[in-house]
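Reassemble the complex: the two chains are provided individually, in unrelated frames, and hints are given to aid placement.
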Amino acid sequence: MDDADLYSITEPNDFSNDQLIKLDSSLRCSICKDLITSPMITPCSHSFCSLCIRESLTVAAGKCPVCQTTVTDGQLKRNTMLSEISEAYKQTRTLLLRLELQSLQPLLSLSRKRRRSDTSMESVATTSKVPRLDHRSSSGAGSSKGIQATPTKAKGRTMVSCPVCDDIVDSEYINLHLDKNCKLDQEDIEEIQRASEATKPSNGQAKAWANVFGSSKKGKLNQADEIPSRRIPKMNYDLKSLKQLRDLIADIGLSDKGELAQLKLRHERWVNLWNAEVDATNPRTKSQLLKEMAEWEKGRLKAKPPPKVDDAQEWLENNKSQFDQLVSSAKATSKKHAADGANGNGSNGEIIEITSSSPPTER
Amino acid sequence: MTEYKQLVSGGSPDGMFTAGPISEDDFFTWEALIEGPKDTPFEGGVFLAKLNFPSDYPLSPFKMKFEPPLFHPNVYPDGNVCISILHTGEDRTGYELASERWSPVQSVEKVILSVISMLAEPNLESGANIDCCKLYRENKPEYERRVRESIKEQLGL
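Chains A and B supply the protein sequences, listed in that same order. Oh and the first sequence: position 323 is 323 in UniProt numbering, straight run, nothing missing. Oh and the second sequence: position 25 is 25 in UniProt numbering, straight run, nothing missing.
One chain only, chain B, in its complex shape (with noise of 0.2 Å):
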């Protein structure tokens, strides 16, 4: 498990994002630091997610946190990102293909760059944030002035 340091040791990708281990005392807690993709309203933010690894990893998903919480149609208000990757076992809902679930060849790169992903195209049928789900399908202006307001506050401007 800790051979995942290796992986963000040496190469961490292309300057999307970064991420490590809080400490060296605890491998199973991690913190990732995620640029706002370009032409999205997330342009220009930096997004601090908490990764929590279970201890039978790689053969369960870690759990995904942003905090603060980012408003985001597939983010829970709590900050819990949901996203078919970090799922695992039966597909009681039926509409998440086996192929995009967790599998124990998944690593934090590629969870983090399907993240990324995510933010610039959310999945509108499998929302967490409800709210955030129905002004994306009313309003979009709206929805993406309300997601650069959040991240200016964020920043502090």
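Just chain A, same shape as in the assembly (with noise of 0.2 Å):
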């Protein structure tokens, strides 16, 4: 992971208000600590992601994973009102940052006067109230580049200094460098700007003619840019057999390489995803499941897996001492455990049992 998208993460503390801190933290999803997206609730009045809560239901058994409660992927009910809010927090988050932090720029300034002057400890206490400004590029503009208070003409675009950090950017985008607490350069702007372009046809209307004829089409469901419109249901996978598992996920455009219990995980990952995207607002095509998914493979690879057992002979002679080491001790607590036992409970007897012949099969 870059810098760019450690800067693209947000959290409460980006707020220094603690109201606006409490507020910032109640509209995220308590699995993924993130601004909730298509929040679900479930039917004990918990709201989560639709998609953490679905993988969460996957993983632990139906439980909620707040209060515990037996839920079912089922039994979830798109949240209206918290979607709308947390959608337009999303939007208005920025403007609220940059509001706070020009409720704060007296004293800011302030605090930047008399570290000029050098009355080092107080500027240190009045700069920690401010929120956290990394001054990246503050120790360059000082000295390369002077500080510009009137606005420059560069490439055709007005060029203005930044009121914190004193550097250089494009008036354009002083909201938006001031907004990632002045850690936007002009590259990153560059690349907005590329990115704007390649959109600015906006296909998204006819993309939704083509879905509209598409759908009419019958037979025609595996269009690369197919909409999540229905859910996927769930299923048994012990009935399946690897075969019928392997031509199902082929089907939906997934690699059906692997095992089973891989192409069982696979298999329910996507029906997560889908599932999620059905009840997302603004769902996404299959193209780009797809590519999330691919994405997702990639991350699993990188993690480590388990040290595995290719040859049992070679393990077990590697690994002797580790063995006889765990038999002699098992054996010898048994012997003590034996001796203990005649005068007392036979139960004790069992477990001895179970412990002493264990350890050497069961790696």
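Calculated directly from the structure, the hints in this document are not laboratory data. Even for Gly, the Cβ is constructed at its ideal location relative to N, Cα and C. Be careful, since some hints might not be right.
[Stated by the list, open to error] With a straight-line cut-off of 27 Å between C-alpha atoms, the simulated DSSO-like cross-links for lysine-lysine are:
id	chain 1	residue 1	chain 2	residue 2
1	B	K134	A	K331
2	A	K33	B	K134
3	A	K63	B	K63
4	A	K298	B	K134
[To be verified] Some chain A residues close to chain B (C-beta under 7 Å, calculated; not the full set):
id	residue
5	S30
6	I31
7	S56
8	V59
9	P65
10	V66
11	R300
Okay, structure coming up:
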């Protein structure tokens, strides 16, 4: 993960006002700790991101992560109002941050003045009240570019100096620059411009039309730009043969490689991802979901798998000393317990037998 | 999963511990420094623990290991921590309440706070270090002396 991703992570403590921190944290999913997306409400009145709760129910045997009540994913209901609130909040968040920063501005300039006049202790105290501002470029700006109060023109754009870090920024992006705590570089801006140009011709409408026509054709469900509209029911994987499952997965357009357990995991993940997308207000297309699946697989590969035992004999030889030690210690305790057990209750004996025989075979 | 960085970068709670990834390249191994709680034999000690996150975190809990190992009834002799909040699945032994076990809504912060309270009040019912449990039950002053000694040793006094 690179720096840009790291900066895009938001958190309640971006704000310094207690009330705003509270507002921000109450609109977060308690599983992923991110701002909630396509919220679903459980019968026990807890709300989570659709994907988060679906994944959690798959792994944690149908229990609500907060109160442990039994929940099935069929009982999940869309929380439309929360969804509207969170979407509206996401759009307002940058504005809120900016307003908060502006209200702190007098304080900030005060601290800067003090720092210049070198009353070190006090200035430290004042700056600590201000939200985290990482002056990544402030040191460079001071030495090389100098402070420019008047807007300058470069490449036909209006450049202004940032009131916080003195960096020279395109006036169009100064707000975004401030929102990102002065971490937005000229490079980032150019990237944003490129991205916005790429999406300018609104192909959204064309896609929507294509979708209308596409869905009228029968049997053309496997189109790449299909938008999830109907949930996939969960299935009992034990009733499926390896081949059936493989065909099913290949039909979706996923890789059908791997063992049964892997195929099962992949299909479970796909069902969760798909169903979560059905709950979303603006669902992504199937090809985007397939791309996300590929990312997920990559992430799984990166995580270290547990040591695999290819050759049991070799494994046994390599770890012989460890096994011997375990066996001898188990034998010693079993003897001791057997002596105890002879005078006391008999139930101890059973447990001892299990422990003394299991270490060599279990590994 | 990396959203967890936010938890640490901004809002570390009141100075009882710090935690964070060891390196920026690997967000799946963290290190935590924990201060020994006051009015316990662990007071004054600083303990280093390694946190290992699974790839499907937060669906599965992370693992916590004290390095070097800690002398405590609920810490295995190799340093692994045995605490109900980090356990999942069916409870075979039946004495851990479901609400005390791992769930995806837990966080690093909550777990470490539970560990700190575990340092103060060991849970003898599910001991991990049997010898230490025995010592705690039968001869508490001796247990406290040994804990203090191990802390001094660690700090190099």
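Restraint check, 7 Å cut-off on beta carbons, for V59 (chain A) near chain B: With a closest approach of 4 Å, the V59 (chain A) hint holds.
Would you check whether V66 (chain A) satisfies its interface hint, that is, whether its CB is within less than 7 Å of any CB in chain B? holds (6 Å)
With chain B as the partner, please determine if S56 (chain A) meets the hint condition of a C-beta pair closer than 7 Å. With a minimum Cβ separation of about 5 Å from chain B (threshold 7 Å), the hint on S56 (chain A) holds.
Going straight from one Cα to the other, do K298 (chain A) and K134 (chain B) come out at no more than 27 Å? violated (48 Å)
Within a Cα-Cα threshold of 27 Å, do K33 (chain A) and K134 (chain B) meet the stated pairing? Distance of about 41 Å is beyond 27 Å: violated.
Hey, does the I31 (chain A) contact hint survive, CB to chain B under 7 Å? Since the shortest Cβ distance to chain B is 4 Å, the answer is holds.
Are the Cα atoms of K63 (chain A) and K63 (chain B) separated by 27 Å or less? holds (22 Å)
Is K134 (chain B) within 27 Å of K331 (chain A), Cα to Cα? Distance ~21 Å between K134 (chain B) and K331 (chain A) Cα, so the pair holds.
Tell me if the interface restraint on S30 (chain A) is satisfied: Cβ within less than 7 Å of some Cβ in chain B. Holds - the Cβ of S30 (chain A) comes within 7 Å of chain B, reaching about 4 Å at its closest.
Restraint check, 7 Å cut-off on beta carbons, for P65 (chain A) near chain B: This interface hint holds because 4 Å falls under the 7 Å limit.
With chain B as the partner, please determine if R300 (chain A) meets the hint condition of a C-beta pair closer than 7 Å. At 6 Å from the nearest chain B Cβ, R300 (chain A) passes the 7 Å test, so the hint holds.
Violated hints for the displayed structure, listed by number in ascending order: 2, 4.
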